[in-house]
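Chain by chain, the residues run as shown.
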Amino acid sequence: MLIWFLPAFLIFLMIGLPVFFGLLAAPGILLWLNGQEKEITLLYRNLYNGMDSFPLMAIPFFMLAGELMNRGGITIRLVEFSQALMGHLRGGLAQVNILSSILFAGLSGSAVADTSALGSMLIPAMEKEGYTRKFAAAITAASSVIGPIIPPSGIMIIYAYVMGESVAALFLAGIVPGILVGVGLMIMVRLMADRYDLPAAHRVDLTGTQLGQVEWWVSFVLVRLNIALVIWSFMPAPEGLSAGMSWGMLLIALLIAHVIFLGIRRMVSHDFRMVCKRAMVPLQTPILILGGILAGVFTPTEAAAVAVAYAIMVGFLILRSLKWSDIPQVLVNSGITSAVVLLLVGAAMAFKTVVSLSHAPEQLAEFILSLSENPLILLFLINLLLFIVGMFLDAGPAIIILGPILGPIFTDLGVDSIHFAIIMSVNLTVGLATPPMGLVLFVASAVSKERVETIARTILPFLAVEVFVIFLITFVPAISMTIPRLTGFAN
Amino acid sequence: MGALLAVIAPIGFVNEAALKLGRAIGGIAVALMVVAILVQVFFRYVLNSALPWPDEAARFCMLWMAGLMAPTAFRRGGFVAIDMFGRALPTKAGQFLNLILFLICLAVLLVGVEIGWNEVTGFGGKFKSASLYLPLGGGEWYRLPRSWMMASLLVGIVLLISVNVELILRSIVTLIGGGDRLQPIPDAETVGAD
Numbered sequence: 001m002l003i004w005f006l007p008a009f010l011i012f013l014m015i016g017l018p019v020f021f022g023l024l025a026a027p028g029i030l031l032w033l034n035g036q037e038k039e040i041t042l043l044y045r046n047l048y049n050g051m052d053s054f055p056l057m058a059i060p061f062f063m064l065a066g067e068l069m070n071r072g073g074i075t076i077r078l079v080e081f082s083q084a085l086m087g088h089l090r091g092g093l094a095q096v097n098i099l100s101s102i103l104f105a106g107l108s109g110s111a112v113a114d115t116s117a118l119g120s121m122l123i124p125a126m127e128k129e130g131y132t133r134k135f136a137a138a139i140t141a142a143s144s145v146i147g148p149i150i151p152p153s154g155i156m157i158i159y160a161y162v163m164g165e166s167v168a169a170l171f172l173a174g175i176v177p178g179i180l181v182g183v184g185l186m187i188m189v190r191l192m193a194d195r196y197d198l199p200a201a202h203r204v205d206l207t208g209t210q211l212g213q214v215e216w217w218v219s220f221v222l223v224r225l226n227i228a229l230v231i232w233s234f235m236p237a238p239e240g241l242s243a244g245m246s247w248g249m250l251l252i253a254l255l256i257a258h259v260i261f262l263g264i265r266r267m268v269s270h271d272f273r274m275v276c277k278r279a280m281v282p283l284q285t286p287i288l289i290l291g292g293i294l295a296g297v298f299t300p301t302e303a304a305a306v307a308v309a310y311a312i313m314v315g316f317l318i319l320r321s322l323k324w325s326d327i328p329q330v331l332v333n334s335g336i337t338s339a340v341v342l343l344l345v346g347a348a349m350a351f352k353t354v355v356s357l358s359h360a361p362e363q364l365a366e367f368i369l370s371l372s373e374n375p376l377i378l379l380f381l382i383n384l385l386l387f388i389v390g391m392f393l394d395a396g397p398a399i400i401i402l403g404p405i406l407g408p409i410f411t412d413l414g415v416d417s418i419h420f421a422i423i424m425s426v427n428l429t430v431g432l433a434t435p436p437m438g439l440v441l442f443v444a445s446a447v448s449k450e451r452v453e454t455i456a457r458t459i460l461p462f463l464a465v466e467v468f469v470i471f472l473i474t475f476v477p478a479i480s481m482t483i484p485r486l487t488g489f490a491n
Numbered sequence: 001m002g003a004l005l006a007v008i009a010p011i012g013f014v015n016e017a018a019l020k021l022g023r024a025i026g027g028i029a030v031a032l033m034v035v036a037i038l039v040q041v042f043f044r045y046v047l048n049s050a051l052p053w054p055d056e057a058a059r060f061c062m063l064w065m066a067g068l069m070a071p072t073a074f075r076r077g078g079f080v081a082i083d084m085f086g087r088a089l090p091t092k093a094g095q096f097l098n099l100i101l102f103l104i105c106l107a108v109l110l111v112g113v114e115i116g117w118n119e120v121t122g123f124g125g126k127f128k129s130a131s132l133y134l135p136l137g138g139g140e141w142y143r144l145p146r147s148w149m150m151a152s153l154l155v156g157i158v159l160l161i162s163v164n165v166e167l168i169l170r171s172i173v174t175l176i177g178g179g180d181r182l183q184p185i186p187d188a189e190t191v192g193a194d
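Listed in order, the protein sequences are those of chains A and B. In terms of my numbering, the first sequence is residues 1 to 491. In terms of my numbering, the second sequence is residues 1 to 194.
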């Protein structure tokens with residue numbers, strides 16, 4: 001009887017019951033019909049225990065950091081920076097949209113936030129430049145799925161929580177796939193630019209931009225310090241190096257970095273330099289988060305809290321773009337969004353209880369393994385299944401329900417658990433932009449005032465690119481595994 | 001219909017006030033979570049002496065944030081759902097389906113509130129928290145029971161029920177043709193895990 005939990009849940013979902021209630025109602029009714037009323041208490045306990053988690057706290061923190069950065073005017077700086085780099089290309093603003101999404105992904109782990117923040121700025125700008133509204137909305141929605149792939153990522157935090165993986169390893173594994181999705185979309189835009197005669201944009205729209213003194217010096221130091229640290233990490237370190245010598249080498253690296261920037265300075269215009277400097281402070285956020293986690297200084301949750309502190313410091317002291325009166329609204333907005341996510345995660349954890357009681361994982365594993373013994377064919381089939389699931393279900397609940405069922409099957413077949421996590425996360429993330437339940441399609445529609453159905457049709461070429469990238473990631477494990485392996489987070 | 005509208009108005013007023021208070025406390029809880037974790041980072045990495053309470057205090061705040069703020073999202077239509085089927089139906093049928101869906105939500109919540117009450121007042125709630133103490137004055141400290149944390153979900157469910165009752169009454173009014181006489185709820189939102 002309990003095996004019917006999944007069809008029951010899908011029926012509830014299709015008739016329009018909110019996912020949170022569907023996740024509780026479907027197993028609850030079946031347990032009651034099965035005479036297992038006591039297990040309904042277990043559903044409630046797992047709902048509560050699923051929410052009571054320290055690692056999950058990173059989700060509200062990253063949302064808060066993203067909200068603070070956005071309110072503090074950081075989005076416009078990233079868009080200007082992207083425009084300075086790519087605006088001159090054919091289909092310039094579409095390319096700017098994609099690059100902005102890649103950069104924004106490093107600050108926020110949410111595709112919805114990406115669509116909302118970038119869409120409200122870029123969709124009207126693209127329309128003004130001569131793009132159709134549906135195209136502008138479609139490229140915004142398609143590129144926003146990069147948000148949860150490049151770290152920080154809410155989806156990967158959830159996956160790591162459910163499957164007991166390292167959040168840091170998943171964050172690192174998501175970097176290249178996220179960039180790959182972005183590059184794929186850029187190539188598609190370039191191809192469409194010729195065919196549909198998309199307009200070009202200007203390299204830098206801003207002229208005569210000036211920076212505050214504090215921001216100028218902070219950007220000056222940060223950019224050199226980052227490059228110096230990279231140079232320093234490649235310098236040969238003889239055994240028995242004293243702390244003084246080590247600091248001396250860092251000083252040399254700083255000097256080298258400064259000389260490099262003096263050279264670059266002559267090659268670019270003042271406006272270009274200013275636009276890059278304005279983006280430097282916000283772009284430090286992902287470096288701070290990943291650097292802190294990699295260096296073993298912070299746990300991911302702590303790194304997220306530090307990102308909030310950095311966003312506050314930047315907004316109030318460096319950019320001076322945040323006001324105290326902004327803070328209550330920012331806290332409330334991020335709190336409401338996080339509350340819904342936490343309830344969903346809790347409900348999905350409760351749903352998982354019935355998944356285990358029903359012996360569905362064993363039956364499903366048996367069925368999957370009966371289809372083929374070749375892991376590559378099974379991975380292909382599982383990608384199809386995940387894509388279909390992603391069309392109907394939010395990525396978070398889908399991961400919590402399917403992760404524990406599918407993960408062990410593929411790990412036993414020799415697929416690395418981190419590799420499988422990335423396949424699943426990227427696939428379900430792309431599902432955010434697919435109809436009928438594509439969350440970012442709805443947000444793009446709300447922002448652009450274009451019909452969801454129209455955006456869903458226009459987005460198809462971009463979805464094709466994303467599906468191609470999913471298969472690349474699936475069949476070339478090195479794409480996701482190289483960085484975790486190089487940094488010692490995977491074998 | 002007049003009677004229904006007369007009932008909806010005070011329920012809406014109470015919900016609006018309760019959720020406003022919930023949002024205010026939830027916002028403070030978010031801020032306290034950040035402060036607790038930053039204090040922990042400072043003590044662990046700068047002073048090299050980890051404190052026992054920040055992690056649990058932050059989780060305490062997170063649970064209350066979820067319980068107090070999720071009902072606002074529900075009232076604003078921010079719980080993720082597929083509404084294509086309902087929209088494809090004729091207007092009256094769609095409105096009737098909407099009412100049925102709210103009734104299913106109510107059934108889930110009523111079961112939840114019964115279990116939640118038993119959990120909070122039962123054996124599990126009597127355990128003490130690991131590290132959370134409340135100062136009573138005069139150097140005395142009260143170790144918080146787990147029920148204080150567990151009550152967050154129960155309070156959340158009670159608020160969700162209150163919101164749900166309002167939404168059920170509103171959908172009945174809409175079904176009998178009085179939708180245009182309802183005061184609008186603040187703008188619908190789209191929120192999700194991603």
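Keep in mind that the hints were calculated from the coordinates and are not lab data. Don't take every hint at face value.
Unchecked claim - Taking lysine to any residue pairs in the SDA-like style, the calculated list, with each CA pair at most 20 Å apart, reads:
1) Lys-323(A) x Ile-28(B)
2) Lys-38(A) x Phe-123(B)
3) Lys-277(A) x Leu-294(A)
4) Lys-92(B) x Ile-176(B)
Said to hold, decoys possible - Which bits of chain A does chain B cover? Going by a derived footprint, with three or more residues having C-beta under 8 Å, they are:
5) 67-80
6) 134-142
7) 433-439
Beta carbons: idealized from backbone N, C-alpha and C, even for Gly.
List, from low to high, the hint numbers that the structure doesn't satisfy.
3, 5, 6
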